[in-house]
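Residue numbers (the numbering used here), protein chains in the order written: chain W, 1 to 201; chain X, 202 to 478; chain H, 479 to 865.
Since the hints were made in silico from the structure, they are not lab data.
Note that the structure is a prediction, hence the values are computed from the model and not measured.
Positions of the beta carbon are idealized from the N, C-alpha and C atoms, including for glycine.
Among the clues, some could well be false.
Which residues of chain H face chain X? A few of them, derived with a C-beta cut under 7 Å, are [claimed, not checked]: (1) Arg529; (2) Gln539; (3) Ala549; (4) Ala556; (5) Tyr687; (6) Arg700; (7) Gly705; (8) Ser830; (9) Pro832; (10) Arg834.
Footprint (simulated), chain W over chain H, 3 or more residues, beta carbon under 8 Å [unchecked claim]: (11) 501-512; (12) 736-750; (13) 762-774.
As a plain string of letters, each chain reads:
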Amino acid sequence: MENLSKDSLKKNPEFPKDRLEICISGSGGQGILLAGIVLAKAALREGKNATQTQSYGPESRGGASRCEVVISRGEIDYPKIMKIDLLLALTQEALQKQLPNLRQDGSTIYDSVFVKEPPPGLKNFLAVPFTQIAIEKFQNVLVANMVALGALVGISHVVSRETVKTTLLSSVRQNFQEINLKALQRGFEEADRYLAEKEKK
Amino acid sequence: MAVADIQKYLRSNRLPHIWCPGCGNGIVLGGVLRGVDKLQLDPNKVVVVSGIGCSSRSAGYVDFNTLHTAHGRAIPFATGVKLARPDLTVIVITGDGDLAAIGGNHFIHAARRNMDLTVVVFNNSTYGMTSGQYSPLTPAGAIAATAPYGNLERAFDMGRLAEAAGATYVARSTTFHALQIPDLIVAAIQNKGFSLVEVIAGCPVYYGRMNKMSAPADMLKWQKENAVSVQQAGNMTPEQLKGKHIIGELFRRQAPEYTEEYGKLIQRFTQEKSRVS
Amino acid sequence: MSHVIPPVSAQAMLMQGNEACAQAALDVGMRFFAGYPITPSTEIAEALAERLPKVGGTFIQMEDEIASIGAILGASLAGRKSMTATSGPGFSLMQELIGLGCLCEIPCVIVNVQRGGPSTGLPTAPAQGDIMQARWGTHGDHPIVVLSPSSVTEMYELTVAAFNIAEALRNPVILLPDEIIAHMREKIQIPETIKIVDRLKPDQPPEKYKPYAIKEGELVPRLANFGEGYRFNVTSLIHDETGFPSGSPQVTETLLKRLMQKVESSRKEITFVESRDLEDARVVLFSCGSTVRSMKEAAREARQKGLKVGWIKTGTVWPFPDEVFQNLPPNVKTVLVCEMNLGMLVHEVRRSAPDRIRVESVAIANGCFITPQEIVSGIETVYEGGR
């Protein structure tokens, strides 16, 4: 997971104007949109540019849902994904649907609760049971998105952990701030564990 | 004296009107103006909104703020005016086709909101301006340009429709009972909420001619013979009431009025703001 | 009459296009909104339902889109800056009363967030299929101004412009974003101050007042607001300067020509066009709305490939900016019109461009956001190896 452990924005010369394309995909109701918005807001907070778009069907709950975030130091013209650099997939279906659009050296994070059969040959991936953590640790399945966002930010450094924390606080209602923050923190821990293991190897 | 009373509300330079000899519209409009006169309303604070059709031409003849809109749409425009300026008295003048057919949905929703409008429907049982087609208020069996073998449809009872939809004042009269109209208008305007006044008016040229009432007097006789007061109707069986028009004040109730409710909402925020600052 | 005010919030933030529209409308003084829920415009109504009562304004959800535009026209006559927002099917329903607004000269703003059509079509997918309907949807000759934003910032700026133009010309103005711009979130820098134009009030006492009379050198009548002492008539029939119906051929012609002239004479002030790299371009791309974003990306890629490509984007769809194409430099051989429909703007470009210019199009109508790749391959097709 070479490119995940560095500041992707700085180090990847392939992207025009340091453009990074992130796809968060899953099922309606998994909080995909909020995760994408927090990520985009955090990028703005750091002086970067970001666009967030989404594709969805008629369902508010269930049904395929996709949130796209493009982050760049320069102006963003085309606001949607051309090739995914970083894929966060929260269902088996989402993973399979988005993989063909993943850049060859792109990275994948997925929820191992729902993704039972990761495609053979998948490279650069991190599997975490986000939903299980949300239920067991926080007794609230709704914060799985923040655990996942924590892992995504923790590993990719697309924005700093501090920034995403501050952004999250300003994006959710007061009585949900603590649990969301803890979930995010839990995601960072998953990232740390992963990075530490990587270091050992 | 009656003429002198309402002359000042008319734009005399816009007369003569377009209505045919024997048409009942003038009688209804006169009744509306007499009602306004009884209330001594400031003409600058009265808005008359109409749709399209013979009766809707009334807007051009009266010296208020007047708005002659599109077919069926008087009530939405009136809703906009009333919400923007709740202090104004808004009167909708409309016909049976304009209100009950193309404008039917707006009618029931304005009633449901109990929007403070006075809707006066000039019911001549036909589309006069387009030469006598049947409307939702044409009696079943009646002949019309588009019902040459008799109207197969049943007519709406606008009063009961308004009541069911949420209106807070409903009355009916006829041009034969012209003297009754002003008081019904007064009560309708005074009602803080959605008021409907239906006035059955003669169209001898189309409806009358096609239905063996081609003389204006025939139409008045028909109105007289088929009208039953609210009091009389109370003692009649449904069988006896068939084909009759119940006239007078039909319905009244209290309910929250939309612009007042919205005003309270605005008030709430104004108060919150003043508490903060 | 115009003045400059600081809007509520002047700072950089992440905002959705629809939110930016609602914010701009509030900043420019819109105080009456009537609408009916429809994807992908609903966020505008939701934001205004929450915020209008807090500033003393009025929000109402009407029973349909016809009622919605009827209500805003009524409210505008009573003095409020008014707006409605909808999408394709609702926009179709509004057409008759858009014409009423034009004929009766009632300022208002109609937002039509374009989605895939015809009919119910693709409710959540982007499209630009309402370009012609926005111009010609209502019956009869009529003037109209249609603005199309290509970013969240432009959604804000063009909403402000739409109200200012509506007030200045006393005409409905249509804001025509597409689903991409309406739903996209990106950085917006709300300006420190915005210019606000208010409708002119009559300068005659009520007894001398003619609502549709035009002062010498002006084209826009000074209508009073209802309830302010001027008891005048507004009619959807052809009318003379007194506001009463007229069937006179001369009155009709004078009125219709003046209405058209109002917009024509303001072309300069209401045309928002931007271009890049025209001076050496062989192929010039042209688009509006979200397509601009793909077009710019495509132009950059084409330049990287050594192709001499420039671009023109327009924020003003109607009146169509003919002059831009009439004045293209001689090096331009081809204009490639990019749009998310089966070819609408392209006809206007063909009409306005000189004969020497070849006009081709990349016309995509599949419910997907047009991609830079589609445009690049269009460029390669028309370029004719002229590197």
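A quick look at each hint next to the structure:
1. Arg529: violated (10 Å)
2. Gln539: It is violated, given that the least Cβ distance between Gln539/H and chain X is near 10 Å, above 7 Å.
3. Ala549: holds (4 Å)
4. Ala556: The hint holds - Ala556/H has a Cβ within 7 Å of chain X, the shortest such distance being about 4 Å.
5. Tyr687: This interface hint is violated because 12 Å lies over the 7 Å limit.
6. Arg700: violated (16 Å)
7. Gly705: holds (5 Å)
8. Ser830: Interface hint status for Ser830/H: violated (34 Å vs cutoff 7 Å).
9. Pro832: Interface hint status for Pro832/H: violated (42 Å vs cutoff 7 Å).
10. Arg834: This hint is violated: Arg834/H lies away from chain X, its Cβ roughly 47 Å from the closest one there, beyond 7 Å.
11. 501-512: violated (count 0)
12. 736-750: That given contact is violated, which follows from only 0 residues of the stretch 736-750 of chain H lying within Cβ reach (below 8 Å) of chain W.
13. 762-774: As far as the stretch 762-774 of chain H goes, the hint holds, because 4 residues have Cβ atoms under 8 Å from chain W.
Comparing the model with each earlier hint shows violations of hints 1, 2, 5, 6, 8, 9, 10, 11, 12; every other hint is respected.
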